[in-house]
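There are 2 protein chains.
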Amino acid sequence: MKPVNVGLIGLGTVGGGVVRILKEHHEDFLRDQGVDIRLVAAASTSREQAVALGIEDIYHSDGYEVIHNPEVDVVIELVGGTGIALKFVTAALEAGKRVVTANKAIMATAGHQLLETAGSKGLELAFEASVGGGIPIIGALRNSLIGNRIESVIGIVNGTTNYMLARILDGLPYAEALAEAQQLGFAEADPTADVEGHDAAAKIAILTTLAFNTEVVLEQVYTEGITRVTPTDLAVASSLGYAVKLLAIANRTPEGIEMRVHPTMLPVAHPLSSVNGVMNAIYVVGDAVGETMFYGAGAGAGPAASAVVGDLIEVAQRLTYNNRRPYIRFGTEQLPLKPIEDVITRYYLRLNVPDRAGIVATTAAAFAEQGVSISSLQQAAGDGQTAELVYVTHSAREGALRATLAAIEASGVLVAEPVVIRVME
Amino acid sequence: MKPVNVGLIGLGTVGGGVVRILKEHHEDFLRDQGVDIRLVAAASTSREQAVALGIEDIYHSDGYEVIHNPEVDVVIELVGGTGIALKFVTAALEAGKRVVTANKAIMATAGHQLLETAGSKGLELAFEASVGGGIPIIGALRNSLIGNRIESVIGIVNGTTNYMLARILDGLPYAEALAEAQQLGFAEADPTADVEGHDAAAKIAILTTLAFNTEVVLEQVYTEGITRVTPTDLAVASSLGYAVKLLAIANRTPEGIEMRVHPTMLPVAHPLSSVNGVMNAIYVVGDAVGETMFYGAGAGAGPAASAVVGDLIEVAQRLTYNNRRPYIRFGTEQLPLKPIEDVITRYYLRLNVPDRAGIVATTAAAFAEQGVSISSLQQAAGDGQTAELVYVTHSAREGALRATLAAIEASGVLVAEPVVIRVME
Numbered sequence: 013m014k015p016v017n018v019g020l021i022g023l024g025t026v027g028g029g030v031v032r033i034l035k036e037h038h039e040d041f042l043r044d045q046g047v048d049i050r051l052v053a054a055a056s057t058s059r060e061q062a063v064a065l066g067i068e069d070i071y072h073s074d075g076y077e078v079i080h081n082p083e084v085d086v087v088i089e090l091v092g093g094t095g096i097a098l099k100f101v102t103a104a105l106e107a108g109k110r111v112v113t114a115n116k117a118i119m120a121t122a123g124h125q126l127l128e129t130a131g132s133k134g135l136e137l138a139f140e141a142s143v144g145g146g147i148p149i150i151g152a153l154r155n156s157l158i159g160n161r162i163e164s165v166i167g168i169v170n171g172t173t174n175y176m177l178a179r180i181l182d183g184l185p186y187a188e189a190l191a192e193a194q195q196l197g198f199a200e201a202d203p204t205a206d207v208e209g210h211d212a213a214a215k216i217a218i219l220t221t222l223a224f225n226t227e228v229v230l231e232q233v234y235t236e237g238i239t240r241v242t243p244t245d246l247a248v249a250s251s252l253g254y255a256v257k258l259l260a261i262a263n264r265t266p267e268g269i270e271m272r273v274h275p276t277m278l279p280v281a282h283p284l285s286s287v288n289g290v291m292n293a294i295y296v297v298g299d300a301v302g303e304t305m306f307y308g309a310g311a312g313a314g315p316a317a318s319a320v321v322g323d324l325i326e327v328a329q330r331l332t333y334n335n336r337r338p339y340i341r342f343g344t345e346q347l348p349l350k351p352i353e354d355v356i357t358r359y360y361l362r363l364n365v366p367d368r369a370g371i372v373a374t375t376a377a378a379f380a381e382q383g384v385s386i387s388s389l390q391q392a393a394g395d396g397q398t399a400e401l402v403y404v405t406h407s408a409r410e411g412a413l414r415a416t417l418a419a420i421e422a423s424g425v426l427v428a429e430p431v432v433i434r435v436m437e
Numbered sequence: 013m014k015p016v017n018v019g020l021i022g023l024g025t026v027g028g029g030v031v032r033i034l035k036e037h038h039e040d041f042l043r044d045q046g047v048d049i050r051l052v053a054a055a056s057t058s059r060e061q062a063v064a065l066g067i068e069d070i071y072h073s074d075g076y077e078v079i080h081n082p083e084v085d086v087v088i089e090l091v092g093g094t095g096i097a098l099k100f101v102t103a104a105l106e107a108g109k110r111v112v113t114a115n116k117a118i119m120a121t122a123g124h125q126l127l128e129t130a131g132s133k134g135l136e137l138a139f140e141a142s143v144g145g146g147i148p149i150i151g152a153l154r155n156s157l158i159g160n161r162i163e164s165v166i167g168i169v170n171g172t173t174n175y176m177l178a179r180i181l182d183g184l185p186y187a188e189a190l191a192e193a194q195q196l197g198f199a200e201a202d203p204t205a206d207v208e209g210h211d212a213a214a215k216i217a218i219l220t221t222l223a224f225n226t227e228v229v230l231e232q233v234y235t236e237g238i239t240r241v242t243p244t245d246l247a248v249a250s251s252l253g254y255a256v257k258l259l260a261i262a263n264r265t266p267e268g269i270e271m272r273v274h275p276t277m278l279p280v281a282h283p284l285s286s287v288n289g290v291m292n293a294i295y296v297v298g299d300a301v302g303e304t305m306f307y308g309a310g311a312g313a314g315p316a317a318s319a320v321v322g323d324l325i326e327v328a329q330r331l332t333y334n335n336r337r338p339y340i341r342f343g344t345e346q347l348p349l350k351p352i353e354d355v356i357t358r359y360y361l362r363l364n365v366p367d368r369a370g371i372v373a374t375t376a377a378a379f380a381e382q383g384v385s386i387s388s389l390q391q392a393a394g395d396g397q398t399a400e401l402v403y404v405t406h407s408a409r410e411g412a413l414r415a416t417l418a419a420i421e422a423s424g425v426l427v428a429e430p431v432v433i434r435v436m437e
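Protein sequences appear in the order of chains A and B. Each residue of the first sequence is one higher than the one before, counting from 13 in the numbering used here. Each residue of the second sequence is one higher than the one before, counting from 13 in the numbering used here.
Heads up, some of the hints might be wrong.
Remember, identical chains collapse to one label, so a pair may be satisfied in a single copy or spanning two.
Stated by the list, open to error - Cross-link-like lysine to any residue pairs, in silico, SDA-like; alpha carbons within 25 Å at most: (1) 35 with 71; (2) 133 with 369; (3) 14 with 63; (4) 35 with 297; (5) 35 with 225; (6) 14 with 341; (7) 133 with 81; (8) 14 with 154; (9) 35 with 164; (10) 99 with 289; (11) 99 with 331; (12) 35 with 302; (13) 35 with 266; (14) 14 with 243; (15) 14 with 329; (16) 99 with 131; (17) 35 with 299; (18) 35 with 340; (19) 133 with 154; (20) 14 with 133; (21) 133 with 331; (22) 133 with 374; (23) 35 with 338; (24) 133 with 103; (25) 133 with 40; (26) 35 with 70; (27) 99 with 82; (28) 99 with 366.
In case anyone wonders, no lab produced these hints; they're calculated from the structure.
Full structure from sequences and hints, please.
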């Protein structure tokens, strides 16, 4: 059997996990999967990483030396980000190498071009680890669920914010929840990508492309983060029978694909409601399969390494057995995207207003003018000077809701920025 | 492109679902998956089914006519059971046909021989639909999670009993819960396979074989059903913070593989606890990926058809692109099975005893003699004549627990059969 020679760029925690799995399972893969996988080159900016992994003999400081090593059949890119990583992946494909990557950023922004390049050369570009860590959601959408017309993909795909929302529900203000997540290593020093929803947006862009067979990129995802959510909002949601999660949503509708990331109230009976801590889950509805959900750790060395190795085995089998079937083809449907203004959902609005007569009437009139029907209103006294109005609406167009809010703001009755959380049934 | 010709045996609800998907998605599969799938023959005992599906022109009353049709490349077996279905699958493989089946019974009893026959002839035998309906658990274990050493597979794989347990928790006696499930079409007229745990046992035998790469069959699964569970037990469990589920469990232990099906108390925070109604879920722990869970409808025409078509596409791609990689190989590890007596877990025991002094001491002494440590004891008055003792133990060997129960029974203090539920932490 011809060996499959692998070059690895990036020897951080995920890279280290991959090295260990390939070492421990070499004989299993040979015997049970029919592939002889050999790690023949590895690159990192730190020689110490290679030394610690016992692979100093194949160490390079320059990723291009791995790519252009004529022995290397498959390049694993674990550098991350869109800078040098994109150059590595592009160069590897141009050099005729198969690629396995965990990089959501390049797949959500340049995925189509990369897959087109790969496809035109008959090469694989595998990216299971780019979404949901070790959760095999890419494989499920590409293979097992292929007989379905997918209606919805809804994910909790960012563990950091899922952890923080639980702590805010415990009563911690946002800033304290963030500081705690940073101390525990769940959030980075610059938490922007997580808390503003950009990480989740990249992942739903990738999932939308696969699930609906249409071309979308990160920039097209409507994105709101969790920075304005308070313990009050989560407590009120809880009292109404809802959990609040940062959801990454892609829905097929007659008018086009809805694609959005924002905090969402969802009924506690929904399977996504009980996904706690840093765990991830992706809920998929297909016309044949009905409701399914895939749950697991969304980050960490082990889960990502598990996904990378799963991809590598598939690529290695295709190489070993000379399988020329089209590896992946998508974007053949060009579906319209629905503008966020046309999305129809229910809303939770918390308005901080002066504590005086007539304010409820003023605000309620603004809803009526835009045809936004009110489902419930709760008023809670604030500090004596101000009060909190919590509205929950019936289903309404986002555009009408925004016009309502603009009218309320223009009337000058808001003493703080309003909080808006969409409500899913 | 050479077409892939399919013969379908069994035109019930699942077969009908497959026919519809193949018709609706033919162009998608051609364009995006690179396969030209054509249904060229179908068999059923009822011509009316073929007429209703608009495929009377390819109808046969005899399954063997489908198998021996020289045009047919792939046979889909949707007859079920171990009788004629096993003969069809065997005959199809012997005739050199690839096979896709939804049949758990033949895979759990004769799977090894069938897979060996298929392997020796270089044919695929695909069976995703045999476990968990449309949940892609077989694909995950065979492909995406292959870099893991699997430690545990724990499933709620029987929707009928999961529904019934919820209704028993609502206060319905077992017989009423069963009657309701039968009325709703969730349970069959003869419910034995579901309520005695045999259906779940077949599924965990298949999952064990794949997850641990070892040969096991249905008969080796220790199996208890739900027929003795009462509303009282579920209420007590609930008050202690546990949900009760019929779990199908396979654990890797240093002494061998534990494989068992029985009602189990599990903490409400466990992901499996919130799997309600007729839904299924399979919880998998791997050394790299950590905890994962796969959730979805475990039965029904749509989910099963989704899984069958997912398998069919893979088989068709392998055929079209002449891929000769080993399709599936397992059983290369011959792991010992751990006898049920050596399983170590916690236990809930409910004892119905005469309401008189000294009974607690008598029963507690039996625990002490066998070295089974008591975690808690609750005594509830019964009808004045009898009382209920509810013991929860610390971890103990099943053998010691059984000896304890035997001693209590021998002492003559039981006025009804004891209820034992294993407790998972």
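For each hint, the structure was consulted:
no.	hint	result
1	35 with 71	within (16 Å within a copy, 53 Å between copies)
2	133 with 369	neither (71 Å within a copy, 84 Å between copies)
3	14 with 63	neither (28 Å within a copy, 52 Å between copies)
4	35 with 297	between (38 Å within a copy, 21 Å between copies)
5	35 with 225	between (37 Å within a copy, 19 Å between copies)
6	14 with 341	between (28 Å within a copy, 19 Å between copies)
7	133 with 81	within (19 Å within a copy, 38 Å between copies)
8	14 with 154	between (28 Å within a copy, 22 Å between copies)
9	35 with 164	between (39 Å within a copy, 22 Å between copies)
10	99 with 289	neither (35 Å within a copy, 50 Å between copies)
11	99 with 331	within (24 Å within a copy, 36 Å between copies)
12	35 with 302	between (40 Å within a copy, 19 Å between copies)
13	35 with 266	between (50 Å within a copy, 22 Å between copies)
14	14 with 243	neither (59 Å within a copy, 61 Å between copies)
15	14 with 329	both (11 Å within a copy, 23 Å between copies)
16	99 with 131	within (18 Å within a copy, 42 Å between copies)
17	35 with 299	between (42 Å within a copy, 14 Å between copies)
18	35 with 340	between (29 Å within a copy, 22 Å between copies)
19	133 with 154	within (20 Å within a copy, 28 Å between copies)
20	14 with 133	both (21 Å within a copy, 23 Å between copies)
21	133 with 331	both (14 Å within a copy, 22 Å between copies)
22	133 with 374	neither (64 Å within a copy, 78 Å between copies)
23	35 with 338	between (30 Å within a copy, 22 Å between copies)
24	133 with 103	within (13 Å within a copy, 41 Å between copies)
25	133 with 40	between (30 Å within a copy, 23 Å between copies)
26	35 with 70	within (14 Å within a copy, 52 Å between copies)
27	99 with 82	within (18 Å within a copy, 51 Å between copies)
28	99 with 366	neither (56 Å within a copy, 79 Å between copies)
When held up to the earlier numbered hints, the structure conflicts with 2, 3, 10, 14, 22 and 28 and fits the remainder.
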